[in-house]
Amino acid sequence: MADFDGKAPSAGRFEVIRYGFGRSRLGWRCAAVAFLKCLLFAAVVCVAHASGRPGHAAIASAHPLATQAGFEILDQGGNAFDAAIAISAVLAVVEPQSSGIGGGGFWLLRRAADGKTVMLDGRETAPLAARPDMYLDTRGEPRLSASLDGALAAGIPGLPAALVRLSKDYGRLPLAKSLAPAIRHAENGFAVGLRYAKAAKDRESALRQSPAASAIFLDQGIAPQPGFHLVQKDLAKTLRRIARFGHAGFYGGTTARLLVQGVKDAGGIWQAGDLAGYRALERAPVQGMYRGIRITSAGPPSSGGTVLLEALNILSGYDLARMDALTRKHLVIEAERRAYRDRDLYLGDPAFVNMPLNRLLSAAYAAGLRVAIRPDRALPSAALAAAPEASRQGDDTSHFSLIDRHGNLVAATLSINNSFGSGFVPPGTGVLLNDEMDDFATAPGRPNAYGLVGGGANAIAPGKRMLSSMSPTFLETKDRTAVLGTPGGSRIISMVLLAVLDFAEGRGPESWVSVGRFHHQYLPDVVEYEPGGLSDEDIRGLESRGHRLKPTGYRYGDMHAVQWDRVRNRLSAASDPRGEGVAEVK
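Here our numbering is used: position 59 in the sequence shown is 59, and no number is missing along the way.
Hints were generated in silico from the structure; no laboratory data involved. All values derive from a computational prediction rather than experimental measurement. Heads up, the beta-carbon is just placed ideally off N, CA and C, and yes, glycines get one too. You may find that some hints are simply not true.
Claimed, not checked - Estimated spans, in silico, between C-beta atoms of each pair: (1) GLY115 with VAL371: 35 to 45 angstroms; (2) GLY140 with LYS201: 50 to 60 angstroms; (3) PRO174 with PRO577: 35 to 45 angstroms; (4) GLN261 with VAL526: 38 to 48 angstroms.
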């Protein structure tokens, strides 16, 4: 953990949050509650903006070279958004098992100058030739590896377009300068760590199926040991084309031609129009309140913010601080059960699906869900009607959090889905492609390897963005601002939820990233917990209340968080002890 005491604060501005509701009686009640929340939002943000600039910067990311790159760009006169480009691109180079320019992500942004808060959506899209049944055989059974390995598993990447838009609309430096650290590490290489070596061993077979991927990421066809010097010359060339030509450097010209040809030759369905038509989008994040904390998080096509806020709305009806630890954990699990159920039933790409977000995020709806929660007994998930269909999400993702000296904020979660994505690299590009198509509901009615479920709202359709659990998040009170997030597939939301509850107890970043983790996602009806996530007493107590428990056998997640204490004007930062990341304040 790193921290720094800065200079005294100065004055700023405030903003008002708006909501829309229907004309039903429930809608008017929700509107009244929302109006009161707006007043509280305004008061919180007025105080928050009044504290001016921190005067220094804090970065927490999943890799030392990425954190270093962020500060390198800040030292050259860049702002948080330039640094975010550098960090994102370097993570794409040094953590190919977790993210990459062949993948996508969400960037939650706050611009200090005018308070603008926006989510930049760089989520992948389904190719235009995609079909709902493209991963089923002639009997309607899923072809299990088809959506996981190889060219057919890849959605159209969004990360390059997001970086270009981030530079154009929010950065201060030329894109080429922000991409320079990533190009340098791709060109010159770096020593891989233990996490890379383990992931490469897990995906060795898939990487071998792609000659270009095997030549880059394996050592003579074998998963390398820690310390292996990874050089990515073709990726450096691709990054240089993006640096020179911007959006057209990836989605047109030489790179696009090589990508499409490589995918087609390997049995994929990409077309030139898939790349030419891709755009990174600005979206409104979701926002809510929990016990005086203003929460801003990712909106659809991420389910993260919606599920997080719904669970917190349910928990807001309890005084958790006055309850024993076992009852608190029981109630958190029951809130997760109900919020994840609604994720599965209702959420998807907003361009394709009408979602009842106002209802899902309303206090009245949370109160209705709370009625069926018993403090002494679990409600089986089977008792909640309308079980949806199946989908899945991978665990291998990356996150970084950033506050610059001006008070600009960035929380970014990036992914290629499973370890090393699809395992496929189109020859000549160096671009490891994602397997995010597996995040759609690819095989209706069947649970997947992660057990995460999803309904028709997340069915495959041409040009559609697959549902995600990525949850980059801002937390604000009258005297503190926090930026946080984590990888972890379906467990992302529950990890962020536990961090929010820890923040509410007054603890700092080092505690949020270290807290013991447990998780329930509606289906399968089981509480997963990492070693140390639950005590022996917790386990016995939860089982006596009707919960089924399952240890993961390993510690999961890789949270990175920064905080601005506005009262003392102090920055602090922490990286998850489970990972290899670095957090610094300078």
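Sort out which numbered hints this structure fails and list those numbers smallest first. 2
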